[in-house]
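Engineer: So the chains spell out like this:
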Amino acid sequence: MNLLRRELRESRRATWAWALGVVAAVLLYMPFYPNVGGSEMMETYLRMFSPEVARLFGLDQMASGAGYAQATYFGLMGFVLLAIAATGWGSRSVAGAEASGALELTVAHGVTRWQVVLEAVIALLARVGVLSLAGSVTIWALNGPAQLNLTVGNLAAVTTALFLLTSVVGAAALLGGAVSGRPGVSTATGAFVAVGAYAANGLAGLAGVPWLARLSPFYWAFGQDPLTSGWHVGGLLALLAAFTLLVLASGWVLARRDLGT
Amino acid sequence: MTAAVVTSALSKRYGATAALAPLTLSVGAGQVFGLIGPNGAGKTTFMRLLLDIIRPSGGSVRVLGEDPRRGGAPLRRRVGYLPGELRLESRARASELLEHYARISGPVRPGATERLAERLQLDLGQQVGKLSKGNKQKVGLVQAFMHRPELLVLDEPTSGLDPLVQKEFLALVREAKEAGQTVILSSHVLSEIEAAADRVAVLHKGELVRVGALAELRASQRRRLRATVAASTALEGALSSLERVSAVSVVERGAEAQLSLLVEGDVDALVKALARFEVRDLLIEEPELEETIIGYYRGEPS
Numbered sequence: 001m002n003l004l005r006r007e008l009r010e011s012r013r014a015t016w017a018w019a020l021g022v023v024a025a026v027l028l029y030m031p032f033y034p035n036v037g038g039s040e041m042m043e044t045y046l047r048m049f050s051p052e053v054a055r056l057f058g059l060d061q062m063a064s065g066a067g068y069a070q071a072t073y074f075g076l077m078g079f080v081l082l083a084i085a086a087t088g089w090g091s092r093s094v095a096g097a098e099a100s101g102a103l104e105l106t107v108a109h110g111v112t113r114w115q116v117v118l119e120a121v122i123a124l125l126a127r128v129g130v131l132s133l134a135g136s137v138t139i140w141a142l143n144g145p146a147q148l149n150l151t152v153g154n155l156a157a158v159t160t161a162l163f164l165l166t167s168v169v170g171a172a173a174l175l176g177g178a179v180s181g182r183p184g185v186s187t188a189t190g191a192f193v194a195v196g197a198y199a200a201n202g203l204a205g206l207a208g209v210p211w212l213a214r215l216s217p218f219y220w221a222f223g224q225d226p227l228t229s230g231w232h233v234g235g236l237l238a239l240l241a242a243f244t245l246l247v248l249a250s251g252w253v254l255a256r257r258d259l260g261t
Numbered sequence: 001m002t003a004a005v006v007t008s009a010l011s012k013r014y015g016a017t018a019a020l021a022p023l024t025l026s027v028g029a030g031q032v033f034g035l036i037g038p039n040g041a042g043k044t045t046f047m048r049l050l051l052d053i054i055r056p057s058g059g060s061v062r063v064l065g066e067d068p069r070r071g072g073a074p075l076r077r078r079v080g081y082l083p084g085e086l087r088l089e090s091r092a093r094a095s096e097l098l099e100h101y102a103r104i105s106g107p108v109r110p111g112a113t114e115r116l117a118e119r120l121q122l123d124l125g126q127q128v129g130k131l132s133k134g135n136k137q138k139v140g141l142v143q144a145f146m147h148r149p150e151l152l153v154l155d156e157p158t159s160g161l162d163p164l165v166q167k168e169f170l171a172l173v174r175e176a177k178e179a180g181q182t183v184i185l186s187s188h189v190l191s192e193i194e195a196a197a198d199r200v201a202v203l204h205k206g207e208l209v210r211v212g213a214l215a216e217l218r219a220s221q222r223r224r225l226r227a228t229v230a231a232s233t234a235l236e237g238a239l240s241s242l243e244r245v246s247a248v249s250v251v252e253r254g255a256e257a258q259l260s261l262l263v264e265g266d267v268d269a270l271v272k273a274l275a276r277f278e279v280r281d282l283l284i285e286e287p288e289l290e291e292t293i294i295g296y297y298r299g300e301p302s
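Listed in order, the protein sequences are those of chains E and H.
In terms of the working numbering, the first sequence opens at residue 1 and continues consecutively.
In terms of the working numbering, the second sequence opens at residue 1 and continues consecutively.
A portion of the hints provided could be inaccurate.
[Said to hold, decoys possible] According to the in silico footprint, chain H covers these stretches of chain E (three or more CB under 8 Å from chain H): (1) 66-73; (2) 251-260.
[To be verified] Here are the computed distance ranges between Cβ atoms for each label pair: (3) E/Asp258 with H/Arg253: 51 to 59 Å; (4) E/Ala199 with H/Glu99: 27 to 35 Å; (5) H/Ala73 with E/Leu248: 18 to 26 Å; (6) H/Glu99 with E/Val195: 39 to 47 Å; (7) E/Ala255 with H/Glu89: 33 to 41 Å.
[Stated by the list, open to error] A few chain H residues facing chain E, derived, Cβ under 8 Å: (8) Leu86; (9) Arg87; (10) Glu89.
No wet-lab data here; the hints were simulated from the structure.
Quick reminder that beta carbons are idealized off the backbone N, C-alpha and C, glycines included.
Let's have the full structure, built from the sequences with the hints guiding it.
Structural biologist: Structure below.
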């Protein structure tokens with residue numbers, strides 16, 4: 001676990017900065033629920049959009065605290081922030097280290113390529129986990145004051161979904177790096193999966209191809225509205241399976257190719 | 001003597017380019033083995049193959065008796081490696097980074113890191129990312145030496161080091177040899193490693209040009225001699241007739257002549273021939289590798 005320890009130590013500052021950003025995002029949205037959600041103004045506002053567009057941004061759910069938190073944070077700002085952070089970490093840990101030459105020196109020591117990938121993955125999970133918790137704990141603290149009426153069980157369910165979803169994004173970046181060794185490709189892979197998942201989920205309805213949404217990790221995470229309806233094991237298992245596949249593929253590829261050429 | 005490294009027709013290709021043409025050589029245990037050649041000669045490729053950073057396209061290699069790929073992590077704990085392009089970017093202090101490398105390499109004796117750092121004049125309290133190129137190189141050297149590996153693979157170890165530290169480095173190599181460790185080191189300048197190496201392999205464009213004891217190589221080295229001599233009409237004739245002297249040029253400037261020539265191997269006859277004239281200045285330069293050993297063995301004009 002020496003690589004893990006070093007990775008966490010090197011990115012300690014970045015992790016705290018991201019956590020602060022996530023907390024700030026929550027503080028920016030949640031306290032305004034009593035003024036926005038369920039108010040008359042909101043209903044007037046909603047009538048300005050077609051039902052499809054309103055659904056795309058979760059506006060139709062804004063009337064409840066759970067719907068509001070989902071639409072503003074879990075399905076939007078929280079997802080964006082965590083996906084960007086996870087992509088950055090997934091890209092740095094292998095492709096970034098390879099491009100800088102650090103990976104060459106690391107694997108010249110008594111560590112295996114699989115160890116490099118697995119410890120990078122654990123470090124990724126730990127940091128994405130910190131961010132997920134930072135956001136959700138802040139929301140829980142505001143639950144009463146902001147009249148969100150969330151239950152702790154549902155909040156845990158949606159937090160797990162966000163955590164797994166953004167871990168999948170990070171693992172995609174890792175795989176992009178394991179295959180190419182280039183930070184640009186790695187970051188682009190993570191971004192592609194994040195944007196693709198979001199777009200496929202949101203636009204499938206608008207485009208009249210509802211089955212498309214079911215291919216999206218974003219749908220696996222949030223399609224059943226866990227913040228309103230609790231745990232949905234199927235979607236979480238799908239995320240876990242995708243994550244595992246991405247990690248195994250990363251290890252398999254990295255163990256087989258030349259480094260730093 | 002057992003061999004620390006044995007290769008048999010070991011090669012590496014990238015598409016159509018041969019980074020290393022089939023190479024067969026053996027480095028005896030306890031030897032200091034030098035790899036000489038310009039950039040792109042295949043030195044780095046060879047070293048990376050030993051560490052399983054890249055995999056061969058053909059042939060085989062045994063490092064300390066094992067295949068690098070199958071030997072895996074346990075084998076690499078017995079090796080110390082300094083990469084050719086060492087870019088250490090970290091906010092950690094040098095001591096922290098070295099502790100990290102100590103944990104993932106063979107066991108490091110207490111105090112070994114500090115002693116090495118002191119000898120190389122490296123401040124362990126500095127942030128690694130803010131160190132100069134030479135100081136980063138020292139961090140690289142410390143991590144390669146600190147666990148007293150059976151085999152040291154050092155790619156351009158002296159690059160960026162000032163002369164005093166270079167000298168200390170050569171002392172470290174000598175001590176490693178005395179302790180029975182094998183050292184493979186590369187350079188594009190022969191003089192940087194000639195004080196340390198027992199045997200030298202000359203690589204050029206991925207091919208082994210020559211391998212042998214250093215003394216043999218030096219005997220066939222071509223050096224450039226420059227001299228300022230009192231002008232004399234007999235000068236050019238006296239020098240051109242000498243064996244192993246070529247490219248003689250004499251430029252007269254008033255009462256003086258600027259002399260330039262290439263001499264191969266022993267300089268005795270040349271110096272004696274020169275002594276018959278009034279020599280005002282004399283300089284024998286070490287040749288650039290490109291224009292000497294390699295050009296010579298391939299019969300190319302220098």
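Engineer: Hints the structure violates: just list their numbers, smallest first.
Structural biologist: Numbers 1, 4, 7 - these are the hints that the structure violates, sorted from lowest upward.
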